[in-house]
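Using the hints, position chain B against chain A.
There are 2 protein chains.
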Amino acid sequence: MPQPQPDAVADAVAGLNFDAAGLVPAVVQDDADGTVLMVAWMDAEAVRRTLTTGRTWFWSRSRRAYWRKGDTSGHTQHVRSVAADCDGDTLLVRVEQVGPACHLGTRSCFEAPLPAVRGSAPGGSGGLEPSPRTPRSEPAGEGAR
Amino acid sequence: MPQPQPDAVADAVAGLNFDAAGLVPAVVQDDADGTVLMVAWMDAEAVRRTLTTGRTWFWSRSRRAYWRKGDTSGHTQHVRSVAADCDGDTLLVRVEQVGPACHLGTRSCFEAPLPAVRGSAPGGSGGLEPSPRTPRSEPAGEGAR
Chain A
1 MPQPQPDAVA DAVAGLNFDA AGLVPAVVQD DADGTVLMVA WMDAEAVRRT
51 LTTGRTWFWS RSRRAYWRKG DTSGHTQHVR SVAADCDGDT LLVRVEQVGP
101 ACHLGTRSCF EAPLPAVRGS APGGSGGLEP SPRTPRSEPA GEGAR
Chain B
1 MPQPQPDAVA DAVAGLNFDA AGLVPAVVQD DADGTVLMVA WMDAEAVRRT
51 LTTGRTWFWS RSRRAYWRKG DTSGHTQHVR SVAADCDGDT LLVRVEQVGP
101 ACHLGTRSCF EAPLPAVRGS APGGSGGLEP SPRTPRSEPA GEGAR
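Just so you know, the protein sequences line up as chains A and B, in that order.
Residues 1 to 145 (our numbering) make up the first sequence, in order.
Residues 1 to 145 (our numbering) make up the second sequence, in order.
If you are wondering where the hints come from, they were derived from the structure by calculation, not from laboratory data.
Here are the simulated distance ranges between beta carbons:
hint, chain 1, residue 1, chain 2, residue 2, range
1, A, ASP11, B, PRO6, 47 to 55 Å
2, B, GLY105, A, ALA65, 36 to 44 Å
3, B, PRO6, A, ALA14, 44 to 52 Å
4, B, ASP7, A, GLY15, 43 to 51 Å
5, A, GLN3, B, GLN5, 51 to 59 Å
If you want a taste of the chain A side facing chain B, the calculated C-beta under 10 Å gives, among others:
hint, residue
6, ASP11
7, ALA12
8, SER81
9, CYS86
10, THR90
11, LEU91
12, VAL93
13, LEU114
14, PRO115
15, ALA116
All values reported here derive from a predicted model rather than from experimental measurement.
Ideal Cβ placement from N, Cα and C applies to all residues, glycine included.
Chain A on its own, in the form it takes in the complex (with noise of 0.2 Å):
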């Protein structure tokens, strides 16, 4: 398979926010169907490795050690892409799951519902009207307001 260049890797991964344990979480998402299958964390060696690789790469924070989604399970992940978020703090893998991504044997980890209160945007139309404000620019540091 083609390689992306070292360099282009390296400058990748530098240009990542690593949080103060030298992590970033990474969504884990079905490139096929959009689930949302986990969420883990990965270092910067685990980021390269996931980067060239193919296959995803994690930093388990209770172990302490690296661990590549299904050599425990036979679940593997096949990275279709990858993508950091506007803060470069947060990654979003996309990824051709093979069998359940829980190890619970469902689908997706996210299987436990909360009770929540279920809202509408104004006019109820689905989010496809117009913002009723002018966005303005926002403090830096915050992706998203």
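Here is chain B on its own, set in the frame of chain A:
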């Protein structure tokens, strides 16, 4: 709008596993088309407000203040569902998004592609094949292996 029972909300919040700073990451996903819009942070109070008001509330780590999405930008998020992951340490909030989610004016905050090798599952069948190995139980504290 119907309100969830206060005890149910308190129980749901009490069941979450907040980090050392008292926070969980919240992945916000467009309920209509599955786009992952942003990731932000919630403490217990922000979760409680999100569950009970129909709007998304977050805790700003940089400003050390609560913020309700859209109060600055007008680009509000109306809650459709909230789920915790299997470890209870991450939330998935599905919303009706009004306008762009990102302060840069893009629909999603995840607009910065990183150079990545594209992986493929053996056989290339799009992840529909059964797992090549029998899943076995996983160590506690790891949601997805």
